[in-house]
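Trainee: Sequences listed follow chains B and P, in order.
When we follow this note's numbering, the leftmost residue of the first sequence carries the number 24, and every step to the right adds one.
When we follow this note's numbering, the leftmost residue of the second sequence carries the number 2, and every step to the right adds one.
Hints are computed from structural coordinates only; laboratory data are not their basis.
Hints may be right or wrong, so weigh each one.
[What the hints assert, rightly or not] Below 25 Å or equal to it, Euclidean Cα-Cα: the simulated DMTMM-like pairs (lysine to aspartate or glutamate) are:
| # | chain 1 | residue 1 | chain 2 | residue 2 |
| --- | --- | --- | --- | --- |
| 1 | B | K159 | B | E138 |
| 2 | B | K159 | B | D67 |
| 3 | B | K97 | B | D190 |
| 4 | B | K31 | P | D18 |
| 5 | B | K159 | B | E107 |
| 6 | B | K159 | P | D38 |
| 7 | B | K167 | B | D139 |
| 8 | B | K96 | B | D190 |
| 9 | B | K188 | B | D130 |
| 10 | B | K27 | P | D18 |
| 11 | B | K97 | B | E71 |
| 12 | B | K159 | P | E58 |
Since we're looking at a predicted model, the values are computed, not measured.
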Amino acid sequence: METKRLRKNIWRAAWQSGAMVVLAMFIGLLVNEGRSDGLALVADWSPEVRLTTDAGDSMIVSLEEAERLCLDKKAVFLDARPPEEYARGHISCAKNVPWQGFEAYMDRVWGVIPEDAWIVTYCDGEACSLSEDLAKELIAMGYKQVKVLLNGWTRWTEAGLPVKKGDEGRQMAGIEKDRTS
Amino acid sequence: MADVQTGFFRRQWQQDDPLVLIARLILGAVFIYASMDKIAHPAAFAKDIYNYHIVPEICINLTALVLPWLELIIGILLLIGLFREGTAWMVTLLLVVFFGAMVFNLARGLDIHCGCFHTSAQGTDSAPMAWYVFRDGLFLIPAFYLFYQTFMRKRELAKAQEQ
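With the hints as constraints, model all of the structure from the sequences given.
Mentor: Below you can see the structure in the form of structure tokens.
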């Protein structure tokens with residue numbers, strides 16, 4: 024009796040779950056078809072495709088180019104990682120603009136970095152999306168030349184390029200000075 | 002067929018243990034609320050799913066399109082009390098899967114946008130991943146209770162009624 028009831032419950036759970044999934048697929052796909060901004064059912068999520076602007080330009084910067092931009096001080100480097108990670112070590116020419124809680128760090132960007140400046144964002148790891156999200160937000164804010172150094176921190180340190188340690192406190196004082204001068 | 006299978010029209014809801022009712026209402030409301038923003042912003046939700054680096058890339062957009070509707074359907078059915086066994090199973094399964102995905106990413110040090118209630122189109126938030134894990138863990142309590150009551154206790158209740 025007991026097992027019979029349990030079997031019945033499991034059977035119900037199975038067909039009801041199936042029915043809900045089928046219904047969700049049906050509605051979801053139907054609504055997507057009806058939307059003007061509907062998604063492609065299968066999308067290419069490779070960095071090359073993800074990091075192409077609407078105008079068709081690639082936002083990816085090579086390590087060699089990034090090195091040149093940093094050493095020649097041609098670009099502003101923005102470290103999108105949290106402050107603690109930045110303090111443990113960062114690209115020598117980078118300021119810290121953490122993507123998590125970006126609103127609070129907006130004043131490090133807006134009115135400080137000119138709109139036509141070259142900006143390179145980076146974070147750490149193949150899977151890190153902080154630099155991408157920050158770069159896209161900067162473009163939405165009106166910045167023209169924003170690039171992403173994929174897996175930036177790891178590649179930069181592996182190549183033995185110049186790094187610094189310490190938190191944003193001293194760095195920010197520097198920016199403030201630049202601003203008033 | 003729903004009435005025969007679930008007993009909804011046999012006023013099964015009147016026999017409900019108040020705690021089961023509360024668990025259903027909480028989970029139903031949470032699931033409906035969670036589905037809204039994702040339904041409105043599928044592209045942003047797809048990005049959130051991508052950020053978890055768990056779902057195979059080929060399935061990301063399909064998941065982003067279907068999962069929010071599944072949440073909405075489960076939420077509505079939980080509120081009205083239809084499909085008891087199916088919703089108890091699915092709500093527990095989904096919360097466990099979400100919990101696992103977050104713990105997995107927390108463990109590998111990937112602090113990402115949760116994408117739980119608001120997609121990243123809503124701007125950034127600074128809450129750490131650990132908070133999301135804790136919050137999801139809280140929702141697991143009513144889910145497990147509901148699961149237990151639906152699959153284990155109900156048999157006892159039914160048996161008591163038969164006697």
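Trainee: Please go over all the hints and tell whether each is borne out by the structure.
Mentor: Checked hints:
1. B:K159 with B:E138: The given pair, whose Cα atoms are some 14 Å apart, holds under the 25 Å limit.
2. B:K159 with B:D67: 18 Å, holds
3. B:K97 with B:D190: 23 Å, holds
4. B:K31 with P:D18: 21 Å, holds
5. B:K159 with B:E107: Holds, at about 23 Å.
6. B:K159 with P:D38: 21 Å, holds
7. B:K167 with B:D139: At roughly 6 Å apart (the allowed maximum being 25 Å), D139 (chain B) and K167 (chain B) satisfy the hint.
8. B:K96 with B:D190: 20 Å, holds
9. B:K188 with B:D130: Judged against 25 Å, a Cα distance of about 22 Å means the pair holds.
10. B:K27 with P:D18: At roughly 23 Å apart (the allowed maximum being 25 Å), D18 (chain P) and K27 (chain B) satisfy the hint.
11. B:K97 with B:E71: With Cα atoms ~24 Å apart, K97 (chain B) and E71 (chain B) stay inside 25 Å; holds.
12. B:K159 with P:E58: 21 Å, holds
The structure is consistent with each of the numbered hints, conforming to all of them.
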